Amino acid sequence: MNETILLAILTIITAATPLVFAAIGELVVEKSGVLNLGVEGMMLVGAVSSFTAVHVTGSATLGVLAGMFAGVMLALIFAFLTLNLQSSQVATGLALTIFGVGVSALIGQPLIGVAYEGLPNVQIPVLSQIPVLGRILFSHDILVYCSIALVIAVSWFLRRTRAGLILRAVGDSHDAAHALGYPVIRVRYLATMFGGGCAGLAGAYLSMAYAPMWVENMSAGRGWIALALVVFASWQPSRVLFGAYLFGGISILQLHAQASGTINIPSQLMSMLPYLATIIVLVLISRDHGKIRRNAPASIGKAFHPTT
Amino acid sequence: MISLQPRAMPSKLMGYLAPVIALCLTLLSGLVLFAILGVPVGQAFHAFFIEPISTLYGLSELGVKAAPLILIAVGLSIGFRAQVWNIGAEGQLILGGIFGGAVALYFYEIDAWYVMPLMMMAGVIGGMLWAAIPALLKTHFNANEILTSLMLTYVAGLLLSFLVHGALRDPDGYNFPESRLFHDAALLPIVMEGTRLHIGAIIALFVVVAGWVLLSRTMLGFALKVNGAAPRAGAYAGFGQKRLIWFSLLLTGGLAGLAGLFEVAGPIGQLLPTISPGYGFTAIIVAFLGRLHPVGVLFAGLIMALSYLGGESAQITLNLPVAVTGVFQGLLLFFLLAADVLINFKIVRKARGQL
Amino acid sequence: MFRKTVLAKKLLAAATGLLLTTFSGILSADDPFKIGFVYVGPVGDHGWTYRHDIGRQAIEAEFGDKVATTFVESVPEGADAERVIRKLASSGHDLIFTTSFGYMNPTVKVAKAFPKVKFEHATGYKRGDNVSTYSARFYEGRAVLGTIAGMMTKTGTVGYIASFPIPEVVRGINAFTIAMRKVNPEATVKVVWVNSWYDPGKEADAAKALIDQGVDIVTQHTDSPAPLQVAQERGVMGFGQASDMSAFAPDAQLTAIIDNWDKYYVERTLAAMDGSWKSEDVWAGIDSGMVDFPEYGAMVPDDVKAAADVIKESIVDGSLHPFQGPIMDQNGKVVAEEGTNIDDGTLLGMDFYVEGVQGTLPK
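Chains as they are written, first to last, in this note's numbering: chain Z, 1 to 308; chain W, 1001 to 1355; chain P, 2001 to 2363.
These are computed hints drawn from the structure, not numbers from a lab.
On a predicted model such as this, the values are computed, not experimentally measured, just so you know.
Note that CB positions come from ideal geometry on N, CA and C, so glycine has one too.
Treat the hints with caution; some may be incorrect.
[As the list claims (entries may be wrong)] Listed below are the simulated DSBU-like cross-link pairs for lysine-lysine, each with C-alpha atoms no more than 35 angstroms apart in a straight line: (1) W:Lys1242 - Z:Lys302; (2) W:Lys1346 - Z:Lys302; (3) P:Lys2066 - P:Lys2126; (4) P:Lys2333 - P:Lys2034; (5) P:Lys2066 - P:Lys2109; (6) P:Lys2109 - P:Lys2333; (7) W:Lys1225 - Z:Lys302; (8) Z:Lys302 - W:Lys1012; (9) P:Lys2116 - P:Lys2312; (10) P:Lys2112 - P:Lys2126; (11) P:Lys2066 - P:Lys2034; (12) P:Lys2312 - P:Lys2333.
[As the list claims (entries may be wrong)] Derived coverage of chain W by chain Z (criterion: at least 3 residues anywhere in the stretch with Cβ under 8 angstroms from a Cβ of chain Z; other residues may be distant): (13) 1145-1152; (14) 1185-1191; (15) 1341-1348.
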């Protein structure tokens, strides 16, 4: 295999990983019937918190944990407002993003210009020595492996566990789930917190591995892309992975095409490609109405109040 | 223990009182926030809520800022009622700006009465065309409009950037990425001398009334409401699902496109690489803040606009960083959104263990 | 309705008049001189806006209590800019710096309404009696970087991460390329446009793409240190942008171009305070200190340092112009004959690549 292609694949993996984290978290949230549009805000607060923790303690582990914790805290605000106080999920999520952008900028003021060398790559012994495949598959930073593991775990959880079944039931019909005695609000709280933790993790990946630094608004819209990817995946975990790598892949390939100097298409039009490709692929895979309806959580975005 | 008990009927009183309660809570939490940051609380509140509208110019700017939000949010609130999730109004706004702006540049220096009406039509058409893509993909290919409309927003932004760096660039502007300044016939008439309050703000008011009439007095409005509650029932009212999707998206797209045209032909007066600070997204909050009702949207749009103007004042008079204004704005929205719970629920004390 | 407006106007005028008299009573004679800044990004962007804010702080450090500075950050270029500038002007600011190109028309418009307030607009070309323009000849700095890159590249291809295809950026690419090819005639430049001024992730991706395509030096006209961090990680080299970024890439930063507005801001403030301020068109380079450099990185050999210093000195003493003919564009057309320089007008609106840049310029 050509060395350039190999290296491009490594870049794609880095670019896709934060999207995978944020999207898989949001997928679980939406599967429970909650739509949280505040991913961008939670990512930013996660990014600044993990960078702060790394800067203060020097521990990457604490950094990752701090990012997740911060994401969960923001998600709790959202959960309280929407699940207890029945506020509109769409609007509250957007307000959460405004809030998160502000909070992260406030926390991050002393961190401007602070350097961090980034997460080390973990070379998996023996396996990473395999030619070509070894480098693609087995020599990344630890969070890349985590992102893949997380997708597999979520997929298994939703399909194979009783808790996953309950979560899906709550998302499909909260009234029926409630009638069956399932704790709708508690399930949604847990799912929302999980989503917040994942968004925080995505932020941690941004500020610790992808571009190890803190600058305001550094997520630059990736939270929105993650939201779109959940829809793209039609709520199936494996497709989240596909969507994130497709989007990341085309973003990187268009940069490569520019760098090769052989393609004479204006850069703005080149930059449109990942968005257009996502739309086109969505159109191609959306034609099976029944399948999407089965996967889409029916009561997404709707308020629930236990009546008994 | 405190818990919520559903009311038999939504409380009218709370409908009016809830925003007031929210405002009080915001002031209380602002007290804490500003005390922590060491900012004089009284001055902070003055800067946020009073100073921006203490002059006639300030009031006119409130109108300038609120007009696009209201225009778009009226459309969105009608669409959201029909469960059509167009979150790409920002992109439709940009296309309206491009189309309307292109007409203005095409008729550059032509002082004719028809220039402005043509620009408005072009703006509406631009927004509608951009919204027609998600509508078509939804009705024919079952593609989710959340994704398509959002992705098209990024495409629209890049398209505008492409055009102002090239075809629509000012030929005498040293190749900087902006168009010529529009000539007088291509600028919106000003309502109040010495300000930037343009005719678009008046049109936004008309749209509020029209939206209200549509929702409460027409069969279509009824169908929209019914469809939101139970998609099949809408068909009985004579409007199929597909027609409602088309209607909702085209309406929102057209209004967003008009808002975009008003921005470029009003306060901006030319095409720039960015023509909107995210009005299309902010309008989503405005729609819900206004409880998806056109009249509610009017007030919500004004509050939202005030919070932006207040943020600027706070930066200027108190040297607060923009981050603080973002946090404060977030708090305000949280309280406003949460307070509406009082309309449908009563707060009751419950004995422990009763749940 | 019309009548109501008139009445409201009268009432408000009376009220404002009352307020103004009260306020002017409070204000004493030795009020601080008020200076306002309008920023396009957040102060925390660590790039363009960050450097202007350092300049603002230099004013405060120099004049202390005699001045009071205000800034409004993240002001979008569009409808909001005019209101913010007007608010600064009407709230007693005596001197206002608007620090992005997109503020040009709003600045000029507000300046007409406030003839007593002095305005300084960065990087634009429209002036007025009370509107100056200022900008830095960053391309002079790019020539220094190009010289270093030409001498130090082993692969003969250098990567350039660019933001938007505006003349400022194109000028930088060309100055860099011309200087590079003077010392290394075979070397070429690969350009990647990211359509963003700062998006650390995307900038890092672009740096990786360029390195994967065989460049061994990365330079950038985007704000974040991300490309340099990638260079450090991949064992190649690069240049800092706007600030000294060596903390982010101690083994990779050869040198950097520092936007240094401090001196200019202090001078203009002084001029505005003592009444000597006049509308001017300032386009200053290395000699003024506006285009500044940090220490060379430890990996730069002495002969390269010496060559770079010669470039700096000859630009300062005028013996070298970065756009000194003969210069050919990409298609081999002569754009400057031997013995002539490209004039400032052409530089200001530059929209072509010179020979040695790969790819075509997006238009």
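To see whether the hints hold, each was checked on the structure:
1. W:Lys1242 - Z:Lys302: The given pair, whose Cα atoms are some 22 angstroms apart, holds under the 35 angstroms limit.
2. W:Lys1346 - Z:Lys302: OK: Lys1346 of chain W and Lys302 of chain Z at ~20 angstroms, within 35 angstroms.
3. P:Lys2066 - P:Lys2126: Since the Cα atoms of Lys2066 of chain P and Lys2126 of chain P sit roughly 30 angstroms apart, the hinted pair holds (cutoff 35 angstroms).
4. P:Lys2333 - P:Lys2034: violated, 51 angstroms
5. P:Lys2066 - P:Lys2109: Holds. Lys2066 of chain P to Lys2109 of chain P sits at ~29 angstroms (cutoff 35 angstroms).
6. P:Lys2109 - P:Lys2333: violated, 40 angstroms
7. W:Lys1225 - Z:Lys302: Roughly 15 angstroms separates the two Cα atoms, so the pair holds.
8. Z:Lys302 - W:Lys1012: holds, 22 angstroms
9. P:Lys2116 - P:Lys2312: This hinted pair is violated, its Cα atoms lying about 39 angstroms apart.
10. P:Lys2112 - P:Lys2126: With Cα atoms ~12 angstroms apart, Lys2112 of chain P and Lys2126 of chain P stay inside 35 angstroms; holds.
11. P:Lys2066 - P:Lys2034: Since the Cα atoms of Lys2066 of chain P and Lys2034 of chain P sit roughly 9 angstroms apart, the hinted pair holds (cutoff 35 angstroms).
12. P:Lys2312 - P:Lys2333: holds, 28 angstroms
13. 1145-1152: Coverage by chain Z holds for the region 1145-1152 of chain W (6 residues, Cβ < 8 angstroms).
14. 1185-1191: With 0 residues in contact (Cβ-Cβ under 8 angstroms with chain Z), the coverage given for the region 1185-1191 of chain W is violated.
15. 1341-1348: holds (count 3)
Hints 4, 6, 9 and 14 from the list above are not met by this structure, while the remaining hints are.
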